[in-house]
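Protein chains in written order, with this note's numbering: chain A, 1 to 304; chain B, 1 to 251; chain C, 1 to 341.
Hints in this document: simulated from the structure, not taken from any laboratory.
Predicted model, so just to flag it, every value in this text is computed and none were measured.
Note that the Cβ used here is the ideal one computed from N, Cα and C, for glycine as well.
Treat the hints with care, as some may be off.
Derived DEER-like restraints, expressed as beta-carbon distance ranges [what the hints assert, rightly or not]:
#1 A/80 to C/96: 55 to 61 Å
#2 C/265 to B/115: 28 to 34 Å
#3 C/303 to A/286: 52 to 58 Å
#4 A/265 to C/99: 40 to 46 Å
#5 B/143 to C/101: 23 to 29 Å
#6 C/303 to A/80: 44 to 50 Å
Straight-line distance between alpha carbons at most 25 Å, and here's what the computed SDA-like set of lysine to any residue pairs gives [claimed, not checked]:
#7 A/295 to B/88
#8 A/297 to B/30
#9 A/297 to C/129
#10 C/157 to A/297
#11 A/297 to C/217
#12 C/157 to A/295
#13 A/295 to C/40
#14 A/297 to C/218
#15 A/295 to C/228
#16 A/295 to B/72
One letter stands for each residue in the lines below.
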Amino acid sequence: MTLLLEQLLNGLQFGVMLFLLAAGLTLIFGIMGVINLAHGSLYMVGAYAGTWVAAQTGSFWLGIPAALGAAALTGVAIEALVVRRLYARDHLDQVLATFAILLMANQLVTLIFGRQPLYTAMPEALSGSVELLPGLFYPPYRLAIIAVGLLVALGLWALINRTRIGMLVRAGSTNREMVRALGVDIRLLYTVVFGLGALLAGLAGFISGPVMAVQVGMGEQILLSTFVVVVIGGVGSIRGAFVASLALGVIDTCLRAYLPGLLRQVMAGPEADALGIGISSMGIYLLMAIVLLVKPKGLFAGNG
Amino acid sequence: MTAPLLQVTGLVKRFGGLTATDHVTLDVVPGEIHALIGPNGAGKSTLINQLCGELAPDEGSIAIDGAEVTALSAPERARMGLARTFQVTCLLDEETVLWNVAMALDVGRGHSFRFWRDIRRDESLTAEARRALAGTGLEGRAGVTVSELSHGERKQLELVTALAQQPRLLLLDEPMAGLGHVESQAMIGMLAGLKSRCGMLLVEHDMDAVFALADRVSVLVYGRIIATDLPGAIRENPAVREAYLGEGEEA
Amino acid sequence: MADIDLTHGAQAPGRAPLLRALAALVVLAALPTLASALGYPALTSLVTRILIYGIAAASLNFILGYGGLVSFGHAAFFGIGGYVVGILYQNYSDETLFLGLVPGSNQMLITLPAAVLVAGAFAAVIGALSLRTGGVQFIMITLAFAQMLFFLFVSLKAYGGDDGLIIRRTNELPGLNMRDKEVVYYVCLGIAALFFAGLARLIRSPFGNVLNGLRQNERRMVALGVAPYRYRLVAFVLSGMGAGLAGALMANFLRFVSPDMMHWTKSGELLIMVILGGVGTLFGPLIGAAAYLVLETLLASWTEYWQLGLGLVLLFVVMRARGGVRALIVALGALLPGRQK
């Protein structure tokens, strides 16, 4: 029972990480109609920048502004130099151009930081473990990740539903021309949204550091899962991204935790493990296929 | 009276609280041009889209030549002899005029799941497409890419393409829209000459064209047909005059 | 008026392309001799890979350039084709039955058609599901299915899992010494020639023209009586079969298959080849495959960070539209003596 609870918390933690990435991606999809394969690279940039600063200064907390700043700046640069010219193009051009950025980002990071993975030291205050329930010990750092993710979700909800920028974002996703007619500088709005998405991706990258290794290619793995989230949730829907992130995080984590064990009861150990891992890796994609069969536009297509 | 080519009965389409098509009943008999007029926002496009199968109605039925087609898809209806033109022309822009017609002919032959025959060099297809273009004013433009055509020529080509489908029934969605006076007259002449080949439902704003061509006129207002009658009677119908015609006559 | 060009548009007309294709074929046939005479024996193996990737990229281009469908999962069919060869070979050498039913084989006349059919079957299932969506969702769902297959093969320890499968000997063809790399080259060349001839025919067929019409204007084709889904599904299956053929050849050429063949970056590479050579042209993907592989070979010989250069070139080509591609290829062609087309 405590094990299950622990796995659920792990799943929730993975889910909020997915959400931090998916929120930006789905906004960029929904508002600008752009597929951004380089979103995972922003996650990587945040992780590397934050981890490097944290290691140099010895302070985890200084890593946060570094990660946010580096990712946001990179995002704004990518938007201004490349993505901005792709809004009117077809998806193929967007896919290929952002794929090119992804390739270059990986190589540049390798050039600067080398091929060895980096590890982020956990902040002192959040290391160790706390007893949540009798017998259930859990690392406070992971709880903090969950809290950050939920706070960001709340913040985004408030931003989109309670502010002028949010109003424009909502209007922009349904009717670009109308926003333009309102005299809003749509280019600025796009840059802001792209930068915000980049910032969240960078945040996710950095706080994942103490839990997962910081290495080249880290962005792609989570990017693909994030795409699944965005598509299941419905392109452009923050609410859909939130629900799908948490659901996928929990499902993925539980499959990985329990499936090999279940399979081991019917086949030999090592083969069961390999197959179990394989099938759990396939799990989210299978889920996406099923959702799209029932609702080709995703679960929350076309609303908030 | 012969059996109708098109029989629409009690058609209803709702969008949320709005009833865009409100119990529409309408028919087109062979050799007839039945015009459908109505002010902007009356629901003409919504009705056309249901007739050709792009939009599913909520209630009611549509029959082509006595056969119920309400549940059939747009391509199935097209293969039953329903051809259409579009308000905003809809053509293969990268291809030539001739190829647009040839494509319609070839699909009409029903052989499209063939993977080996080189139809780009099919002389009989080319010849047939030329025959379809003969006398339309587009003969001289056969080799021109569609994206280079004028608006009027595009409208004409759509009509030729629709006729190449050998339709029994033709839905014309504002064929005069955007045409100059001379082009309109040519289009009216062309349509008048087609009466013997197929029945037509003509949705049109241009009242000169409507009264020059129509055998019967129906008036659609707020999704409902308020009158169906001979053109002369429609002109005199007080309800129509009030709802619509007064402002439309100068158009 | 007298001589109207009926074949305007995506399909280049006339005899000139045919002559050019034949000329290229002659040069390619002489290539192994030329390569050893010039002192570049490695050229033959590079061109073999170009031919194989050219088949895969042209298959992708069939649905992308002619059908307008951006499949981001075509490496899956490439990998499936490879695995059919690999698995049949393993069953052949172990003298076991695949799934306890199918005997193995090392005969290319059996393994290639098998690879094509199996890839086609996978494409039928994946296509039937994916084509229910469109746009962004189509790109993502094809990517997702490819990832599923990737992870499936990673987890199949019986077929090498992560490490892949080694095929000790290239499949046999009666009367040919398939251990000779030159013979393998000629086999690939022959198959590529047949493939492109068939593709040229397919593109000009009623089916190919309907598909191309659907890309240009779906509403128009529907009004003519075309039901889009069926045509697109058949096109997707044909395209998957082509990629499977390429994968089977690649497995024979490398004598190795691994899940990397169906990794999503491989799907990306195929897309890059298509765009480098020109979307919606018959031989464009072959030229694109050549450009890509030559670029890779050149850049990789300078630096281990060759993908940085690839990224720059790709970005340049995408941003500067298609005109830049030809110029780029001409420039590259001048750099490398003996490269074809």
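Here is how each hint holds up against the structure:
no.	hint	verdict
1	A/80 to C/96: 55 to 61 Å	holds (59 Å)
2	C/265 to B/115: 28 to 34 Å	holds (32 Å)
3	C/303 to A/286: 52 to 58 Å	violated (40 Å)
4	A/265 to C/99: 40 to 46 Å	violated (22 Å)
5	B/143 to C/101: 23 to 29 Å	violated (57 Å)
6	C/303 to A/80: 44 to 50 Å	violated (28 Å)
7	A/295 to B/88	violated (30 Å)
8	A/297 to B/30	violated (43 Å)
9	A/297 to C/129	holds (13 Å)
10	C/157 to A/297	violated (36 Å)
11	A/297 to C/217	holds (22 Å)
12	C/157 to A/295	violated (35 Å)
13	A/295 to C/40	violated (55 Å)
14	A/297 to C/218	holds (19 Å)
15	A/295 to C/228	holds (20 Å)
16	A/295 to B/72	holds (22 Å)
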